[in-house]
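Trainee: Given chain A, work out where chain B should sit, using these hints.
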Amino acid sequence: MIVLVRGRQVQREENLKIVDRLRALRETQIGAFIPVLLALVAIWGYFGLVIPLQDLLTGETENFRAIFLSPRNIYNLFMQSAVIATLAVGITIVLLLGEIDLSAAATAGVCAALLGVLVLTGIPSILACLIVILVGIAMGLVQGLLVAYVGIPSFVVTLAGLLGYQGLMQKILPTGNLNVGDPFIRGIARTLIPDLWGILIALAVFGLFAFFSFRKQYQRRSRNLEVDGFWVIWVQILVFGFIVISVVLTLNAYRSLPLLLVLLLGSTMLLDWVTRSTPYGRSLFAVGGNAESARRVGIKVNQIRVSAFAIVGLMAAIGGIFGASRYGSVSYTAFAGGSLLLEAIGAAVIGGTSLFGGRGSVWNAILGALVIGSLGNGLDLSGASAADKLMVSGAILILAVAIDALSRSSSGRT
Amino acid sequence: MTSKEVLVGQSAPSAHLVVRGVEKRFGGVHALRGADFEVSRGEVMALVGDNGAGKSTLMKILAGAYTFDSGNFYLNGKNVSIKSPNDAAALGIQIVYQDLALCENLDVAANLSLGSEPVKSGWSFLPKFIRPIDSLEMEAKAKKAIEQLQVRTLQSVRAKVGGLSGGQRQAIAIARAVGTQSTVVMLDEPTAALGVAQTKQVLEVVKRLRDTNHAVVYISHNMRDIFEVSDRITVLRHGDNVATYKTSDTSPDEIVIAMTSGLDDRSSSGSSSAT
Numbered sequence: 001m002i003v004l005v006r007g008r009q010v011q012r013e014e015n016l017k018i019v020d021r022l023r024a025l026r027e028t029q030i031g032a033f034i035p036v037l038l039a040l041v042a043i044w045g046y047f048g049l050v051i052p053l054q055d056l057l058t059g060e061t062e063n064f065r066a067i068f069l070s071p072r073n074i075y076n077l078f079m080q081s082a083v084i085a086t087l088a089v090g091i092t093i094v095l096l097l098g099e100i101d102l103s104a105a106a107t108a109g110v111c112a113a114l115l116g117v118l119v120l121t122g123i124p125s126i127l128a129c130l131i132v133i134l135v136g137i138a139m140g141l142v143q144g145l146l147v148a149y150v151g152i153p154s155f156v157v158t159l160a161g162l163l164g165y166q167g168l169m170q171k172i173l174p175t176g177n178l179n180v181g182d183p184f185i186r187g188i189a190r191t192l193i194p195d196l197w198g199i200l201i202a203l204a205v206f207g208l209f210a211f212f213s214f215r216k217q218y219q220r221r222s223r224n225l226e227v228d229g230f231w232v233i234w235v236q237i238l239v240f241g242f243i244v245i246s247v248v249l250t251l252n253a254y255r256s257l258p259l260l261l262v263l264l265l266g267s268t269m270l271l272d273w274v275t276r277s278t279p280y281g282r283s284l285f286a287v288g289g290n291a292e293s294a295r296r297v298g299i300k301v302n303q304i305r306v307s308a309f310a311i312v313g314l315m316a317a318i319g320g321i322f323g324a325s326r327y328g329s330v331s332y333t334a335f336a337g338g339s340l341l342l343e344a345i346g347a348a349v350i351g352g353t354s355l356f357g358g359r360g361s362v363w364n365a366i367l368g369a370l371v372i373g374s375l376g377n378g379l380d381l382s383g384a385s386a387a388d389k390l391m392v393s394g395a396i397l398i399l400a401v402a403i404d405a406l407s408r409s410s411s412g413r414t
Numbered sequence: 415m416t417s418k419e420v421l422v423g424q425s426a427p428s429a430h431l432v433v434r435g436v437e438k439r440f441g442g443v444h445a446l447r448g449a450d451f452e453v454s455r456g457e458v459m460a461l462v463g464d465n466g467a468g469k470s471t472l473m474k475i476l477a478g479a480y481t482f483d484s485g486n487f488y489l490n491g492k493n494v495s496i497k498s499p500n501d502a503a504a505l506g507i508q509i510v511y512q513d514l515a516l517c518e519n520l521d522v523a524a525n526l527s528l529g530s531e532p533v534k535s536g537w538s539f540l541p542k543f544i545r546p547i548d549s550l551e552m553e554a555k556a557k558k559a560i561e562q563l564q565v566r567t568l569q570s571v572r573a574k575v576g577g578l579s580g581g582q583r584q585a586i587a588i589a590r591a592v593g594t595q596s597t598v599v600m601l602d603e604p605t606a607a608l609g610v611a612q613t614k615q616v617l618e619v620v621k622r623l624r625d626t627n628h629a630v631v632y633i634s635h636n637m638r639d640i641f642e643v644s645d646r647i648t649v650l651r652h653g654d655n656v657a658t659y660k661t662s663d664t665s666p667d668e669i670v671i672a673m674t675s676g677l678d679d680r681s682s683s684g685s686s687s688a689t
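Listed in order, the protein sequences are those of chains A and B. Numbering follows my numbering, in which position 332 of the first sequence is assigned residue number 332; successive positions increment by one, without gaps. Just remember that my numbering sits 414 ahead of the position in the second sequence, which is counted from 1.
Next up, chain A with everything else stripped away, as it sits in the complex:
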């Protein structure tokens, strides 16, 4: 059957120009990654290739800076970006509605601090994790209720939340710092999936992706619906496969696939499925696109709003747990008081999720977090000052929002 499909499709595709093909690709899920992937490639290319080359040319052998693309640094990069990514995934959900959440990092801080205290008092660590997840959801829920039913703009509600939760974190941690030595919690970041298993997981994910792509194509054809170009499907599958497998191989070359990344990617996959393939997710996009339209077709707009903030709370709590696990400690500056919030929002937006609502994806948030993480990491490695880091991050953020605004105005005219 597939052979037959191929024959027909290729014939039709020969008439298409390259531009048309690229346009078709841009409309797909992988296509939405293209801008942020290009940004990532540019950043990695700069720090990984251009800077070492410069060193070579200028004869700087003393401090030869070719470590950026080393497996060890890539591993660290992923781990550094994981907490940002977790929060960014949550923030993406409210951004889809055209709302914002400024309190995510503070929520994560409160949850992490609470986790540390609970574990110290002897509560089983799994139970403590569940408790802080519920607390995180409740913290998001309260803000969502204020936004949806009291009608306060989310910017104001979550700004108040940011301040209030920062204070709450200081109350929970009067010293501002607490070590978390619990083996279960530390294990989330420390546990490594054996090399072979990592590869098997990657191959399985790749195989499933290819299988579902082709199955969908086959079903479309048999139901006489329009089909994607054969070329588009293959490019998607190959790009996806290349990314998944090369990531796992790179991580294996240093240590292995960490459990924390599996958990992060797993929850992102779940949220991606919920947002793109369920009536609930569809209503998120609908409310973000045109709340009045959503209301008229019977979508309970207020409940959707509240639930989105609850999801941010959930992801913030998970981010808090991840952070406590990775750092082995909970500190005020690592969460509520630091740059985590802005990095997370920046990651979501750089990933391509529109601040205007209705457009975006949680996977883009992961890529956006990698962009932010890579910038920080690369600038650190090349000896840039904190001031440079801030300025470059600001420029990248503006660039991302500009791309969003421009693509928004052009997509309305196609």
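No wet-lab data here; the hints were simulated from the structure. Given the structure is predicted, the values throughout are model-derived calculations rather than measurements. Watch out, some of these pointers could steer you wrong.
Calculated cross-link-like contacts (lysine-lysine; reagent style BS3-like; alpha-carbon spacing at most 30 Å) [as the list claims (entries may be wrong)]:
id, chain 1, residue 1, chain 2, residue 2
1, B, Lys557, A, Lys300
2, B, Lys660, A, Lys216
3, A, Lys300, B, Lys558
4, B, Lys542, A, Lys216
5, A, Lys216, B, Lys534
Mentor: Chain B only, in chain A's frame:
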């Protein structure tokens, strides 16, 4: 016996949707003063009137967005009470508002199924709002709805609504109203913002609705469109009926006069063309 009752009561097939003596006040404003209205299936009933005549109020009452202060509402011969848009939708009454209310960030198929997406079977252990959408079924439904209305210029149901023309959007808004088992479709100024070609396209869609045995209420200011598409015309003035005309027996001038000065000035002439 006023001339009004004579004029309204004589429609040919038994009307599908009938309201009688509808009154509606907004504070001191008496928006509707005992208006009557009816529409049959397989008929396009134009509803016209000058600004402030009560067209929108009447339409919103029919759609359940407002409730009337007094009056009777019959659907298919039965007295019904409509308290909310959901009641109206459940009875098969759909309205296409002027602003369309489509989600531009979603594709045509998603817009058509919005709020009632078909879900895959076999996931009943999950609550309904989190079961996987059967996107192929959704596309097939959308394709069918679009084909039924013969929207020829639309190439793909997977196109984002944001990229479509005004006429195509109007057609999709209509298709959404029709798709939900509706019997009465109300269109509020569907051609107001459209060019000539797109207006033609929308009017074709309206005719298709009549052919598929829908009761169509068509609100417009554009006499040319009304005379092209409607079977009868109800004229409102100052919250009350002037008359209901058979489109083939009247002229735009007569309608305009009825809209602006009512029948009072001319009632001596016997209002000849009223049916």
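Trainee: Determine for every hint whether it applies to the structure shown.
Mentor: Do the hints match the structure? See the list:
1. B:Lys557 / A:Lys300: holds, 27 Å
2. B:Lys660 / A:Lys216: The hint is violated at about 52 Å.
3. A:Lys300 / B:Lys558: Holds: Lys300 (chain A) and Lys558 (chain B) sit about 28 Å apart, inside 30 Å.
4. B:Lys542 / A:Lys216: OK: Lys542 (chain B) and Lys216 (chain A) at ~22 Å, within 30 Å.
5. A:Lys216 / B:Lys534: Holds, at about 14 Å.
The structure is inconsistent with hint 2 alone, although it conforms to all the rest.
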